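Chemist: Residue numbers (the working numbering), protein chains in the order written: chain C, 1 to 483; chain G, 1 to 540.
Please note that the accuracy of each hint is not assured.
Stated by the list, open to error - Example chain G residues on the side facing chain C (calculated, C-beta under 7 Å, incomplete):
| id | residue |
| --- | --- |
| 1 | L20 |
| 2 | V21 |
| 3 | F135 |
| 4 | S169 |
| 5 | I177 |
| 6 | L184 |
Bear in mind the hints are in silico, worked out from the structure with no lab data behind them. These figures come from a predicted structure and were not determined experimentally. Ideal Cβ placement from N, Cα and C applies to all residues, glycine included.
Each chain, written out:
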Amino acid sequence: MLEISVISLSLVLMLADMFVPAERRRFIGYAAIAALGVLLVTSLSGNGSCGQFGTAFGGMFINDALSLFFKQLFIVAAILVLFMAAEFSDKLAEGSVAEYYSLILFALAGMLFAASANDFTMLFVSIELITITFYILVSFQRNKLQSLEAGVKYLILGALSSAFMVFGIALIWGTTGELNFNNLAQFLAKTPEVAASQIFFLGVLLVLVGLGFKIAAFPFQIWAPDVYQGAPTPTTAFLAIGSKAAGFVLLLRVLFTAVPSVTAHWANLLIIISGGTILYGNLCAIPQRNLKRLLGYSSIAHAGYLLLGVAALSASGQSALLYYLAGYVFTVMAAFFVITLVMRHLASEDISSLAGLHQRSPLLAAALTIAMVSLAGIPPLAGFFGKFLLLKAVVETAQLTNNHGYYCLAFTALIGVVLSLYYYFGVVRAIYWSKEAGNFSAIELSSPAKLSLWVCIAGIFWLGLFPNAVLNITQLAATALGK
Amino acid sequence: MSILTYIAGWPLLAALALVLVPRNYRVIIRVIAVLATLISAVLAVKMFAQFVPGAIGFQFEQQIPWATSLGISYHVGVDGLNVGLILMGAIVAFAAALCSWEIQTREKEFYILLLVMTGGILGAFASLDLFFFYFLHELALVPTFIMIGVWGRGEKKNYATFQITLYLSIGALIALIGLIALYLQSGANTFDMPKIIEHASTNPLSVNAQRFIFPLLLFGLGILVSLWPFHSWAPLGYGVAPSPTAMLHAGVLKKFGLYGLIRIALPLLPQGINSPVLSSTSVTRFFIGALPEHTQHWLLSLGWMDFLALLCVGNILYVGLVAMRQKDLNLLIGNSSVAHMGFIFLGIASLNLIGVTGAVLIMIAHGFLAALTFALSGYIYKQTGTLQISELGGFCRKLPFIGTALLMAAMAGCGLPGFANFVGEATVFFGAWKTFPTVTVIALWGALVIGGIYMTRAIRNILHGPLPEKWDSLADASDAWRKLPYALLLVCLLVFGFVPKLLTEKINPDVQKIVALATGNAVVAVEEGVPAANLVAKNK
Chain C
1 MLEISVISLS
11 LVLMLADMFV
21 PAERRRFIGY
31 AAIAALGVLL
41 VTSLSGNGSC
51 GQFGTAFGGM
61 FINDALSLFF
71 KQLFIVAAIL
81 VLFMAAEFSD
91 KLAEGSVAEY
101 YSLILFALAG
111 MLFAASANDF
121 TMLFVSIELI
131 TITFYILVSF
141 QRNKLQSLEA
151 GVKYLILGAL
161 SSAFMVFGIA
171 LIWGTTGELN
181 FNNLAQFLAK
191 TPEVAASQIF
201 FLGVLLVLVG
211 LGFKIAAFPF
221 QIWAPDVYQG
231 APTPTTAFLA
241 IGSKAAGFVL
251 LLRVLFTAVP
261 SVTAHWANLL
271 IIISGGTILY
281 GNLCAIPQRN
291 LKRLLGYSSI
301 AHAGYLLLGV
311 AALSASGQSA
321 LLYYLAGYVF
331 TVMAAFFVIT
341 LVMRHLASED
351 ISSLAGLHQR
361 SPLLAAALTI
371 AMVSLAGIPP
381 LAGFFGKFLL
391 LKAVVETAQL
401 TNNHGYYCLA
411 FTALIGVVLS
421 LYYYFGVVRA
431 IYWSKEAGNF
441 SAIELSSPAK
451 LSLWVCIAGI
461 FWLGLFPNAV
471 LNITQLAATA
481 LGK
Chain G
1 MSILTYIAGW
11 PLLAALALVL
21 VPRNYRVIIR
31 VIAVLATLIS
41 AVLAVKMFAQ
51 FVPGAIGFQF
61 EQQIPWATSL
71 GISYHVGVDG
81 LNVGLILMGA
91 IVAFAAALCS
101 WEIQTREKEF
111 YILLLVMTGG
121 ILGAFASLDL
131 FFFYFLHELA
141 LVPTFIMIGV
151 WGRGEKKNYA
161 TFQITLYLSI
171 GALIALIGLI
181 ALYLQSGANT
191 FDMPKIIEHA
201 STNPLSVNAQ
211 RFIFPLLLFG
221 LGILVSLWPF
231 HSWAPLGYGV
241 APSPTAMLHA
251 GVLKKFGLYG
261 LIRIALPLLP
271 QGINSPVLSS
281 TSVTRFFIGA
291 LPEHTQHWLL
301 SLGWMDFLAL
311 LCVGNILYVG
321 LVAMRQKDLN
331 LLIGNSSVAH
341 MGFIFLGIAS
351 LNLIGVTGAV
361 LIMIAHGFLA
371 ALTFALSGYI
381 YKQTGTLQIS
391 ELGGFCRKLP
401 FIGTALLMAA
411 MAGCGLPGFA
421 NFVGEATVFF
431 GAWKTFPTVT
441 VIALWGALVI
451 GGIYMTRAIR
461 NILHGPLPEK
471 WDSLADASDA
481 WRKLPYALLL
491 VCLLVFGFVP
501 KLLTEKINPD
511 VQKIVALATG
521 NAVVAVEEGV
531 PAANLVAKNK
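Bound-form chain C, shown alone (with noise of 0.2 Å):
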């Protein structure tokens, strides 16, 4: 199984750093990457148990299209950062970086627990999993005070919502008295006058405000833009795939297969929280001049865009989501490596510090703009086919439906759109025609460097030009949520 294999991994490695001399450590990661690809390659190709669909312990795992999607979007997300981690290894304390590489693959395994997390102590579980590695993970940088800043504010909040998620998943179980998603959803059909009870309804919504500060959604995104910014490059590069896509899948499943009856009667809440995160992020980007921070921002705003896909409550709203996260990947990969290799060797973040990068290394430069405009949406990147299914989605259920607050929704994301232009082409506009005199001397770039951004743009292309095969699957993926 993918999760055992990950877990004995990471802890190959830490074994693997004490034996290994300090200056080699760095090398340790490549040996990670070599074993997440083999992995990767089996889970694509169908072999292993990857392809068995089912459940396991009890109902407890759930093995599907769905959570077969997630775990390559998770490991290929694990693969880039730790390609990311590697480059970064400079910056972070004496010979730790092994223990970086292992916490890593702990989070990517906590991801993977989610994707198949079909019971709510595997969601929890699996949550926490991920959550408390990355408290290790942000904080990582001990000698670097914004990075303790971020990690204390992460703690904090985070386990304010874990505690949040336990009560609720508390009220659920004392409610029902089941916690697997597929009884649970049973049970509700059965019996209506628990499904309509305040507290049942309290227990759902309070397990939703967990998720919602998982995936930085409105009212629950305060956290986002201080993290991004004290973390480490390479954590938040995570955090803003990894994690964010596990709150999602964990999302997905609670709403559409746990308590579908409940969930059909929030559309409401969902355009809300969807159209408030949307406004929100774009709002707060514009005036940031600190690029991770900027990226944080706009990170609350596309976890706006994908709330989209939630909100419209519908197969295609689904699959468009997946879509969208599948291109998400590759370009906030992409953003955070070119940050990673420009900015290591500054003590400022400033968009500033990008002047004059086109000429200190053009591959870095077309990265970071091609990575900006697919966020922009602009076609013809990943970005603009994904917001075009989003959109697609919200207006089909708003067709079928008759509710006008889909109709407002889609005219926000167009907003939220707009604004957008406006500071990722600010990041276009320092690359290229920045005026500020800055040091000028070339970038070297290492070639696994070089390969992970050229991949990264493949995807960004791929997912743009040719969108057919991975529509094909996503749209299979959302019709196992159905069932």
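Following the hints, put chain G in place on chain C, whose structure we already have.
Modeler: Okay, now just chain G, sitting in the frame of chain C:
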């Protein structure tokens, strides 16, 4: 592979090739860009010549499935509606590439963006798939913003970039919502335009859906075409844009919105077009209740096409008067270009064969004309560094070629017979007279009197009179390459002005089909004044 794929593909391919060329090989970069647009233009001429007027269905078609589960495919093809537009777009793009010698900084990026824009526009016009139609337009639109923001001139550069980005992005996105709604409502489960139209002929969209989608398309696409009162981005944006960008945007890209209205909105939303603007609900009655009885009645009976005709008055009269007051040549041209859009909208609003044919004619003629005037003003700006009309004067002595070209462009702009614009405007007036006599009278006044005043005044102040001493060093376009873009555009204007049949015989049969769908009449009475009947008969 269809010739259309090559026409749109060469510029895009050249843009990719330019990425690999080092930035200090300036001559090579320029040659690649000019060559790619030249190939496109030659292919477009070839396609235009081979086009069979009045043939059934689309010609030079090509279809490749893209996202099968959504029914999106790469589908290109031409009929009478877009064949002229593609020809015009390709020629203007070639002229714009030639005029790009005025760009002296960061040529590589500029040419890449110019080529992407060219490929995007030509592709959008050729596309018969709703998704690619939008996708390729957006691909062309974004480089416009970057080009204006980076290579724009003057102090208002940032403000203008900001405004044009905001207006056009919002317009495009509103249109996107309309297109998505159209796709969903049609029930055909495909983005393929011919299939949607065919499907709609048996299962028309519900009246409610049509009434809701049509305004989205009208205003979304209208903003892109600077429909009054959403026009203020246009003069400002063109005023600061580098001239190749202004040529391509004002000449070609802007026509996308009009083309979309004729191609998509008219045939698919016939009831949306004819439905009243205000529905008689309690809310509307509350707002208009205080007005006199007959005004209320008039307001409630106002259809979308009547409303559009009223907005045209804004374009033609209001913006025409604004143009009269301009002191900057580029702002004057920009405003006059907005005013010209009014004639096209009037042609569409008239909803008959003659009017819509005229609208398509002006779209093509105005493409050449706008490109020509912006190219000329760019030349003057490059030489003088200013476009303030009061500082210029007597240029015909120093710049005989450019001066003459400008004079001819100005004459074309106020609708002198012999130029393609006259044919289009006259046709629109014939068509619109039956439906909107009052508006047509105003439009005539706007075209002949107001247009005449600002154009001749500009000519007098720029080309005649004493030559200020500081302009002693001005140099005319000397060699053939420099003259080529201006000459080419002028020749096109004159050719289509003297032989409009080249266009009308192609446009007519297809416009007839669209008008038939839009008005709900299977057979459209052929109206007097235009030799449509002969053409149709000849083609049979």
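Chemist: None of the hints should be skipped; say for each whether it holds.
Modeler: Structure-based check of all given hints:
1. L20: 11 Å, violated
2. V21: 12 Å, violated
3. F135: 5 Å, holds
4. S169: 5 Å, holds
5. I177: 6 Å, holds
6. L184: This hint holds: G/L184 lies near chain C, its Cβ roughly 5 Å from the closest one there, short of 7 Å.
Against the hints set out earlier in the document, violations occur for numbers 1 and 2.
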